[in-house]
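Q: Start from the sequences, fold in the hints, and give me the full structure.
The primary structure of each chain is shown beneath.
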Amino acid sequence: MKSAYGLRIPESDPELTRVGPGTPCGELMRRYWQPVCLSAELTDLPKRVLVLGEELIAFRDGQGKAGLLYFRCSHRGASLEYGKVEARGLRCCYHGWLYDIEGNVLEMPLEPPNNPFLKQVQHPCYPVREFAGLLFAYMGPPEKIPEFPIYDVWRKEGGMLKARMGPRVGGPVDCNWLQAEENLMDALHTFWLHTRHSKPQFPSQAYGIDPHELKYEETEMGMRFVLTRKLPSGKWWELVWEMLMPLNVHLVYTDEPKTERVHAVTYCVPVDDTHQLGASIRWLPEEGRDQLSGREQLAPAGRGDVSYEYTQRYPDDKEAVEGQGRIALHGLEHLVTSDRGVIMFRRILREAIQAAGAGADPKGIIRDPAKAALVRTGAGSVVRDG
Amino acid sequence: MKSAYGLRIPESDPELTRVGPGTPCGELMRRYWQPVCLSAELTDLPKRVLVLGEELIAFRDGQGKAGLLYFRCSHRGASLEYGKVEARGLRCCYHGWLYDIEGNVLEMPLEPPNNPFLKQVQHPCYPVREFAGLLFAYMGPPEKIPEFPIYDVWRKEGGMLKARMGPRVGGPVDCNWLQAEENLMDALHTFWLHTRHSKPQFPSQAYGIDPHELKYEETEMGMRFVLTRKLPSGKWWELVWEMLMPLNVHLVYTDEPKTERVHAVTYCVPVDDTHQLGASIRWLPEEGRDQLSGREQLAPAGRGDVSYEYTQRYPDDKEAVEGQGRIALHGLEHLVTSDRGVIMFRRILREAIQAAGAGADPKGIIRDPAKAALVRTGAGSVVRDG
Amino acid sequence: MKSAYGLRIPESDPELTRVGPGTPCGELMRRYWQPVCLSAELTDLPKRVLVLGEELIAFRDGQGKAGLLYFRCSHRGASLEYGKVEARGLRCCYHGWLYDIEGNVLEMPLEPPNNPFLKQVQHPCYPVREFAGLLFAYMGPPEKIPEFPIYDVWRKEGGMLKARMGPRVGGPVDCNWLQAEENLMDALHTFWLHTRHSKPQFPSQAYGIDPHELKYEETEMGMRFVLTRKLPSGKWWELVWEMLMPLNVHLVYTDEPKTERVHAVTYCVPVDDTHQLGASIRWLPEEGRDQLSGREQLAPAGRGDVSYEYTQRYPDDKEAVEGQGRIALHGLEHLVTSDRGVIMFRRILREAIQAAGAGADPKGIIRDPAKAALVRTGAGSVVRDG
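Chains as they are written, first to last, in this note's numbering: chain L, 2 to 387; chain G, 2 to 387; chain A, 2 to 387.
No wet-lab data here; the hints were simulated from the structure.
Everything numeric in this text was worked out from a predicted model, so none of it was measured.
Just so you know, same-sequence chains aren't split out, so a pair can sit in one copy or run between any two.
Quick list of in silico lysine to aspartate or glutamate cross-link-like pairs, EDC-like style, CA-CA up to 16 angstroms: (1) 3 x 103; (2) 3 x 144; (3) 216 x 112; (4) 3 x 101; (5) 66 x 131; (6) 372 x 153; (7) 372 x 148; (8) 145 x 369; (9) 216 x 239; (10) 66 x 101; (11) 259 x 239; (12) 236 x 257; (13) 120 x 101; (14) 66 x 103.
A: Structure below.
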């Protein structure tokens, strides 16, 4: 018996986990376009968001253009969440300063005419880009702004794109972002946690068969894994999940063995060091045909109503991953062969952090507009004869 | 566009904002009489209060005299809020030590006769003064205790004085005291926040007309502003608000244009660095005639019940001022001409802090008993022909 | 009047109060067997506990043997509270590692056959011992493990032993453990707080008569006090309370004057520096005869429902002791003759801390198995003729 007496509890890894301004990983994340809220949340009221530990106010002006401002008014610091959305911008409630989406001050209504301050004040803000119902921001050094990547999975005849943002299905919220991303690059936990341990939380057609082979591969844009299984029919089924840096982009998943590309991109949204959300854009064949996936049907729907006993009996990603603590302690882990994906992901992440720190473009940054307009991806599944 | 990337977030100003023992502004505040609770709260139970970051127990003994004791019993530290109010003082629940209002220990009932400890222990406490339904304390160096100021606005034929204490109407609670005081010395926000931005929160007769002239003036006792407006009748209306150091004393305000002195004094009660309350003593013409002012009628009454959306649409002082953060960051402000009052107030405050720090009497301290018994004030309004 | 102005607020005593790993008092406490939960809480679900500031998972395997593991899985750190209790041990939900009660890893089901990691990983855990319905753990240095003490008060013909764990009757929860223990070695507060101050909270037959004599005595195993009172019948009644180090063991108390030994041992369970619970094992004459003591009948039953006003009028140990603060400040106390028990207890505790710190066996450690199997105690009461 190894006594827990004298167990040294190490610190969490600050390089890989922290997302605030000036932190190594935070600086990496600021090199990519990040989802901040849904386009539908830009109404006649400003929307307060917290992303990468920064408090910001998103809004859409009367000309339909979106902006993302530092939350404190440049005048006396009142929060712009109480501002008024107007034709030309967002107006602070306190003394009426009016900002456009680029942080220019258009009016200071309580000041005398020929006000010299109008030209002197520039409000801090970030460039934004809307796509398919999500508002993205670039929160990094202005001179490093990359192209906005549009993925091939969305380019399909007919149908429509639909955005979501919020807690991931069955997923963690109140912990560091890295734990959730590692969980996605850990193919095998699905075969234990979601299948054998808890009631099936993934479709059993797809996950009731143990993998024959599992390969993790680094790619130009990130990494992927290929799961190969032999179906009862004697055919072979290959499933490919892919992680594309901007490190919060993943391409997932199918409910049953068939040959198809995936149609969705899901993003990790690091709220701050100990909170996160998910966002996704998925192609749907037609309006209203937003059927729940097998995962969504099988995971307990109203997680807020689930008792502690229920979570103890049927834990999901939320329990497994939040149970690692607000920020996991890598120094206490014992990584084994089934952790190859986690090990590879951390190495790729660390190399990207170091590249960004050195002023280079980290993995996954695209500077060629043509390439960014149709980013090639490889996730999906194939059923073949063998 | 000025990027928010790399924005340096400064510290708050510790000299002007902190109120705890030994802080520069806290030491200044301890030179004046401070309201701590209502007289009506001194019942047969002790009253726990938190003022200037200090936990204290107020009570009234059987002879009608009020006391204010440090909250921990000098014996074993039990909180005196669980003590019993008795004829001669307050008795701790734990071992029965009985304190009078001056902190003398009258009894230690579990000790043997001829107990030598009785004379040795002196419990820490503060001098208090009741006036018109408020209990005031002097929490500063004993040798610096000033006269208790009684304002001329309360000296009126007939009627009565009535005290209140609690959150200010529509006002901030969960933030540093300074933000609320600056808000009172910022005459023009009323014409934006309370009039144009939100539904009218002040009487529109009084605040629907933009000022013709606004003057801020330092006075012997503090500062004041004079708002001059031209009425539709062609007459001129001057409104004067005054701030009298003890820096939490203000004289406000009228609902409609007429010539009258104000009849109320309102105090700021700094609870701790990030919380505050208001207190007031007002003259009323007769018992029961405590009519709501226009401000009280127009501000949302039950602020606890107001939704976040409501506060976004109709923000009040509470949103504007609490929205500056728990303690505002002056280093991010851009002060302009309409902030003259705030600038003047901060200068006066800083000079008073420095005077107190140097051992001198800060602005507003009165040592002449005759002067203190009828402090002249100047707030009110005048309608004149031009 | 001694002004509270300038009152220096000292730090709490870190040597006597802190219970975490590596703290002086925490190291002392880790030399004794500590109660961690009820045996009845070891069901088909693991039980998360917090003891001495350490998060641990208790469980009982299919062979009926109890274990106590560090809460983070040695693999990837998932909390074992979501694990599955199985025949051979506890299995983590995330990747299925199976631990036995000694921290051996029996299975890593996602690893290949002939897995070399199985032998390499040892999970941190503590030795446990069940007795009479309580699970005890030894959380100290393995080479210092003492005998498990079994007290003579439980050795009685017939009847049964019954365990409880939770908040003590009328007692403190949200404060440092030391305050509650001092309260137990402070005989006289009963005659004030529980009798004169609040409505009687102890049986008035037993506590309505003031003591004639009170003696505190250090003993081989700890300390005790002897309260002598003259009954109305002219007889004399001696009541003995005893504290036996492991410093959280006490032997209490009788409801009425009679000659009898006590039948219960109560333990203090330091949860962390600012929280605590109680535990007890008591002998009952027969199943179902678990009558409430006078203390239990007289203390307010549902303390959660009691209003603040009620606690102000009728404070109990909870108010007096939690009212000393999360951790009491000894530097502000004025100890007097009635505090002899508290003074003696602190001295004994400090000597034990220093002994343990020097590597010696602190007071109350038993190394002789025969002695531990029947620890002699002296608490109880005697009625005699004089």
